[in-house]
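Q: Here is how the chains run, residue by residue.
2 protein chains.
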Amino acid sequence: MTANATVTVTAESLRRFVTALFTRVGMSDTHAATVADVLVWADLRGVASHGVTRVPRYVELVAAGDINPRPAMQVRTDTRAAVLLDADRAAGPVAMTDGMRRAIEKARSAGVGLALVRATTHTAALGYYTLMAAREGVAALALSCSWPNMAYHGSRVAGVSTNPISIAVPGGDRGPVVLDMATGVVALGKLVQARKTGTPLAPGWALDAHGNPTTDPAAAHIPLPLGGPKGAGLSLMIELITSLVVSNPLVAETLEDTALGQRHRQNGFALAVDIARFCDLPTYRREVDRVVAALKRLPRADGAVDILVPGERGARTLAQRERDGIPLPRATVDELAALATRLGVAMFAT
Amino acid sequence: MTANATVTVTAESLRRFVTALFTRVGMSDTHAATVADVLVWADLRGVASHGVTRVPRYVELVAAGDINPRPAMQVRTDTRAAVLLDADRAAGPVAMTDGMRRAIEKARSAGVGLALVRATTHTAALGYYTLMAAREGVAALALSCSWPNMAYHGSRVAGVSTNPISIAVPGGDRGPVVLDMATGVVALGKLVQARKTGTPLAPGWALDAHGNPTTDPAAAHIPLPLGGPKGAGLSLMIELITSLVVSNPLVAETLEDTALGQRHRQNGFALAVDIARFCDLPTYRREVDRVVAALKRLPRADGAVDILVPGERGARTLAQRERDGIPLPRATVDELAALATRLGVAMFAT
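Going down the list, the sequences are from chains A and B. Take 1 as the starting number for the first sequence in the numbering used here and just add one per residue. Take 351 as the starting number for the second sequence in the numbering used here and just add one per residue.
Accuracy of the hints is not assured; some may be wrong.
Unchecked claim - DSSO-like, lysine-lysine: derived pairs with alpha carbons at most 30 Å apart: (1) Lys540/B / Lys646/B; (2) Lys190/A / Lys646/B; (3) Lys540/B / Lys296/A; (4) Lys196/A / Lys296/A.
Source of the hints: derived by calculation from the structure; they are not laboratory data.
Work the whole structure out from these sequences, hints included.
A: What follows is the structure, given as structure tokens:
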């Protein structure tokens, strides 16, 4: 067995297992199933960093009191087109699906709808929520904020987060188009992966623990922002337009090293646009397919095998993994098995 | 006199001059003054690429019938929280200030407000419009779309636009924070500047006319997207969530080489969030200043003189240039003087 050995599991088995685990630590069946669906979706899409590998950490966060398994989520502000949803430290998938659902409802009545989600926890793969909207013929934009884990441009330490942005729109025969990107030049998961495999990093990807640029995967400590001031600035604006509006600042608390700043906390922003209010939806869908087709006909760059649109690779991987199962690294499976034993939950069949 | 010689002019003289020019080509005094204010603002902020250097091109666009100097702008869709504003080929500053004004009004009544702006023309510096909102205590996000001028990731030709994104929020004593960034790794203006000065480009900035990567400023033809698939994907999503929703596709028309695709056309997206509906605005302002202060205290990277937040350098430049005047390149002044002579408008004093 090599370090790259994998175990294949069906999405359904994995969902059932993860649901059982989160039920065991106190979540309702519905909430546990939502968390399971969002995490397993990331594995189906090939985004392992946001998949079930996070389960042990989520369980720790429940034990530490950072994730509230029985949140009393409530709408604090309710305007014609927006809500401020206090998530009461719910698991991110529970809070963000609720937020996006409310944003879609507001958009249906007001043309555009916004849910500001306060005090959620790890929001998982943001594309899940924007795709929820796109599947219903609604365009969506989502942002999420976490604590500083990325260098701020001009500094040698973490100052902002890799705060992601996701935008999704409905499509035609080719399906929705969904972008889900972090504001770092590379995902943290990619640095971890390079460390495991010993692959040198590209210049401009990371700083070491002393704040110096490094290409040594073992020394890489924090990622650099996408395009320097652009990624750092975009990340900061996401904090300002989300965390500060919901009165739950993350960056300042951590940089000032307050007690609150050491806690696991996140905030989210979910915007929905009911495009059928502005145009003919069937025409819109055809136009999405049309521009995608036009891009795919462009002459290829040297070495480029294919021209892809946002979310296309993930959709292909999902189709394949729904059929053939999800390959999980043996290390992840072992960790989940240990957790299952500890919590007295039956392990999934492999 | 060197190629770098500049002529200094006050903002007020420049605004008067540009207003007179656009009045002469048929705009109302109000519209001409709006265009002048937006262009001169870019020069005040140090963003010469979006300043009065654009005036001759705008005049050409009026002559070609692409900019309509007497637009009959009208709201086509009006929902509780959103409008679709058909700009009837108005000058971008006229359409976008109107759009942002409407988005702010909707946000005041509905919490969030959206204006989708159809069939505008060159939107100029997007930060002007988000800052309009921020000055009134409202957070804003704006997008704009134009024709393909940037390589799509994986292709060797232009496939998408350098479509910018701007986000602004009100601040406290330090003033608003405003990000205004293109989705290209560098602005087109920077490539032009490098060509003029013969400065080699960084790798990853541009392709030559044959679609091969180049660092030769004379050979640089199109910019590459910020972070490869990220910038290309973000640009595409901006087209999909803006141009396609307002039924005025730009990218597909150009890539398919239709007659419409050869015309100068843009679309815009202006979103406003009335943050006072969700939190205490004075506290919000203090929190913005607080996080900015925390970032500025971070240890500096080697070679970094200062840690800046989005829009800070522009605000400093504006304060200095409002006092000392705007230095314009002699070439720009000569071009404006020729235009003034041709149109029979008095040149500004230098």
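Q: State the violated hints by number, sorted upward, taking the hints as numbered earlier in the document.
A: 4
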